[in-house]
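Engineer: The primary structure of each chain is shown beneath.
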Amino acid sequence: MDFNLSEDHQMLSDTLRRFLADNYEIETRNEAAYTAPYHSPEMWESLAGLGTVGAFITEETGGFGGTAEDVSVVFEEMGRALSAEPMLGALMGLRLLADFGQDKIVEAIVGGEARCALAVYEPRVAFDLDHIEATARQDGDQWKLQGRKSAIYGAPGADHVLVVARTDQGLGVFLTTTPPLISAAMIDGGGIADLVMDDLAAECLSADARTQIEDALDLGRIALCAEAVGAASHLIDLTVDYMKQRQQFGRSISSFQALQHRVVDMLVDLEQARSITIAAVAAFGTPDQARKVSMAKNLIGRAGRHISEEAIQLHGGIGMTWEYPGAHYAKRLVMIDHQLGDRTDHLQRIILPTDEASDGQ
Amino acid sequence: MDLEFTEEELAFRDEVRSFLKAKLPADVAQAVAYGKELEKEQILRWQAILNEKGWVATTWPKEYGGPGWTAVERHIFSEECALNNAPRMPPFGLNMLGPVLIKFGSEQQKAEILPRIIDGTDWWCQGYSEPGAGSDLASLKTKAVRDGDDYIVNGQKTWTTLGQHANKIFCLVRTDSEVKPQAGISFLLVDLDTPGVEMRPIRLLDGGYEVNEVFFTDARVPVANLVGEENQGWTIAKYLLTHERTNIAGIGFSTKDLERFHELAGEVIRDGRLIADNPAYAARAAELEADLEALRITNLRMLAKTKDGAAGGVESSLLKLKGTQIRQELQDLYRSALGPEAAPVADDLSENELTIPPESARAAPVYFNHRKLSIFGGANEIQRNIVAKELFRG
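Read top to bottom, the protein sequences are chains L and B. Under our numbering, think of the first position of the first sequence as 1, with each following residue one higher. Under our numbering, think of the first position of the second sequence as 1, with each following residue one higher.
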C-alpha cells in the first residue's frame, strides 16, 4: 500500500499548482470564463506547453501519460484553481482521436495549437448512450450526420468536434472540423455548445466504438471527480479562513461550536470524496471500472452539493456575491453533478451493473 | 500509488482466514451472527484459542507477548474477524490497560499484570465515566485520598462495559482538587473484591446488560496500584484513548452488515416484489456501499500515514465520525427492510420456535444497541471538537 504520488506526478502537480496560483487570479478567470470563447486561449496554450494535455494520452499515441492517475493529478489542480479551460472536452475527444490513430490532429492538440471536443448528448436524452438518436449514413465515400447534439463541453472555439452517432453497426465516432456551433457560457463558467446536423459532412473514425466511448466518458467522470476534490479542498480552506476573520457578537465566528461542527462534516465529506476518487482511478481499465466510477460520481455529487451549500451558508451574505471567489467554487462543485451523469444516474449504474444495462444494444 | 496489500500482507490474510475457518467455534460464531450477548465462557474460550496462536494482545510489542504486527496486519486481522463472525475481544485489558502499562507501568506491574491479561486470568473493566463526567472527563469527582500506604476511594463510576464479568477495574480518580481539573487526576488499579466496591448492572433500552455502575465507599487501595505518578492520570488517559480508537472505522462490521442486507433483500418480499428489486431500498444500499468503499480507502490512507497504527487525533476522529454513521445507517436499513418481523425479542434465539429467523429477531435490539456508537469513546460531537480545534488553530 502506498498512497503517495510518484515523483513525476508530484512534480506535475506542483508545477501546475504554482503556475495557476501565479497566473490565474479569480478576476482573470471570471473574465475569461464568461466571455466568448469562454476560456483563455493564451492560458490554454501555456497549460498545453506545461504538458497538461499530453498527460491525457500514452506515449505510443503521442502523449506523455495516459493513465487515470495522470488525468486525476491534472484535474485536481484545475479544480483547485477553478480553471474554466476546456480540459474535459479535450480529454475525452483526445482519447478517441488517439484510439483511432489520428496522429496529426493529436499532435496539434497536445501542442496547444488546436482544440477538440466530444459531442455525445442530445436534447432530453442526457447521459444515455442507449438512446442516441443522431444518425450517420454513408453517402458515396463520405459520411453525413443527421440530428442534434447539446451540451458539448468546451466546444466553443474548438477546431475538431467528434460526434457520436448511430450507424447500422452500433455507435460510431465521427470527426467534424469547425462545425456550425451555437455557443453559450455555463452558469459556473466555461463554454458549452449545441450542434444541429443536417447532412453534416464528417469523417468516420469508427462505425462501432461503444467500448471506446464508454472508456472516454468514464475517464471524463474520473476527471470531474478529481476536479471536485481540488475545488472542494480549496473551498473549505476559504471557508475556514473566512470564519477565523469574521466577527459576530464580539468574537470570531470560528469559535462557535455549532458552526465548527458543520465545517468538520464538510471535511469528512472531502476525505471521502478523495478516497472514492482514488478507488475509481485504481479501477479504471479493470472489470470493476463502470461500477467504481459510478460510485465515485454518485458520492461526489452528494459531497459536492453538501460542501457547496454549507460553504455559502457559513459565509452569510458574502457567499451570495459574484465578488466572492468561494461562490464560484461552490457553483462549480454543484454543477459538476450535472456533467456526465448525476448522482441519480450513477446510482442506477451502481444498482444495475452496466453489462446488463447495455445488453442488446 | 498502490492500493493493494503486499504479497506478505495477502499471505497473512490467508493465514488469518484459514485460522478462523479451522478454529472459530460454531456456537460462538453463531452468537455473533445473531447479534446475541456472548457468554463470558464463550469469550474466554475464544481467547484461549487465540492465545495458543499468540494472537491475543494484537497491539502489544513482541517482548510483552504480542504478535508484533504492523498497523496494516492489525487492520487485516480485525477485518477478517468481523467478516467471519469472530467476536471482538473486550478491549479493556488488551487494547487499553496493556499499552498503558507498557508505557507508564512499573517493571513489577508489567511482570505481574500483563501475562494475566493475555491468558484471561484477569478481566479488566474501565472506570472512566461518571454520572457527571461523560465525554467531559476532566470534571470527574471520584476521590482518592492518601492514607499511609493506601488511597481511600469514594465516588461513583458508570457505563462500565462488561463489568459484570470483571475482577479488576482501572480508574481515573481525583487526587488533587486544588489544581486545574486536568492536573489533579491519577490512574489507579482496583481489585473489585476490595471491601467498599460494589458493581450494579444497568439495563439498556434493548433489554440487555452490557454496562454497569460501580460505587466506591471508603475502599482502601494500595498506593502500589498507582500507574505512573500521582496526578499524571490525564496524560495517561489521553494516551489510552488513541489506542482505544484503533479499528474505529469498523469497516469489517459494516461490510458484513451490507452483505447481510443483500442476503435479506433476496429473500424478503414487500409490495409484491423482492426488496432487492425495490428501487428505494436499492438506492439506499447503493449509496451506503459507495460511502463504505470510500471509507475503506480513507481508512487505508490513514493507516499508511500513521506508522505505528495509533492514529492521531484528527484521523481517528474522522474515521469514528463516518464509520459510526455508516454502521448506524446500515442497522437502520436492515431493520427497516424486515418490516413487521423486526418486532419480536425471542428469549433463546438458538432454540426459538418463531417462524422468523433468529438473526432477524435481533435486528431491532441490535439497531437500538448501536445508538451507542455515536455516544461512547468520546461522543461524535467531541470528535468534531477535536477536528475543529486542529482546523481553526492559530
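It is possible that part of the hints are untrue.
As the list claims (entries may be wrong) - List time: in silico DSS-like cross-link candidates among lysine-lysine, alpha-carbon distance up to 30 Å:
| # | chain 1 | residue 1 | chain 2 | residue 2 |
| --- | --- | --- | --- | --- |
| 1 | B | K180 | L | K244 |
| 2 | B | K141 | B | K62 |
| 3 | L | K244 | B | K305 |
| 4 | L | K244 | B | K103 |
| 5 | B | K103 | B | K21 |
| 6 | B | K238 | B | K23 |
| 7 | L | K331 | B | K389 |
| 8 | B | K36 | B | K372 |
| 9 | B | K143 | B | K53 |
| 10 | L | K244 | B | K62 |
| 11 | L | K104 | L | K244 |
| 12 | B | K305 | B | K143 |
| 13 | B | K110 | B | K141 |
| 14 | B | K305 | B | K62 |
| 15 | B | K103 | B | K62 |
Treat the hints as calculated values from the structure; they're not laboratory data.
Engineer: Could you run down the list of hints and mark each one as holding or not?
Structural biologist: To see whether the hints hold, each was checked on the structure:
| no. | hint | in the structure |
| --- | --- | --- |
| 1 | B:K180 with L:K244 | holds, 28 Å |
| 2 | B:K141 with B:K62 | violated, 37 Å |
| 3 | L:K244 with B:K305 | holds, 28 Å |
| 4 | L:K244 with B:K103 | violated, 38 Å |
| 5 | B:K103 with B:K21 | violated, 35 Å |
| 6 | B:K238 with B:K23 | violated, 36 Å |
| 7 | L:K331 with B:K389 | holds, 28 Å |
| 8 | B:K36 with B:K372 | holds, 16 Å |
| 9 | B:K143 with B:K53 | violated, 41 Å |
| 10 | L:K244 with B:K62 | violated, 47 Å |
| 11 | L:K104 with L:K244 | violated, 53 Å |
| 12 | B:K305 with B:K143 | violated, 40 Å |
| 13 | B:K110 with B:K141 | holds, 28 Å |
| 14 | B:K305 with B:K62 | holds, 23 Å |
| 15 | B:K103 with B:K62 | holds, 14 Å |
In terms of the numbered hints stated before, the structure departs from hints 2, 4, 5, 6, 9, 10, 11, 12, listed from lowest to highest.
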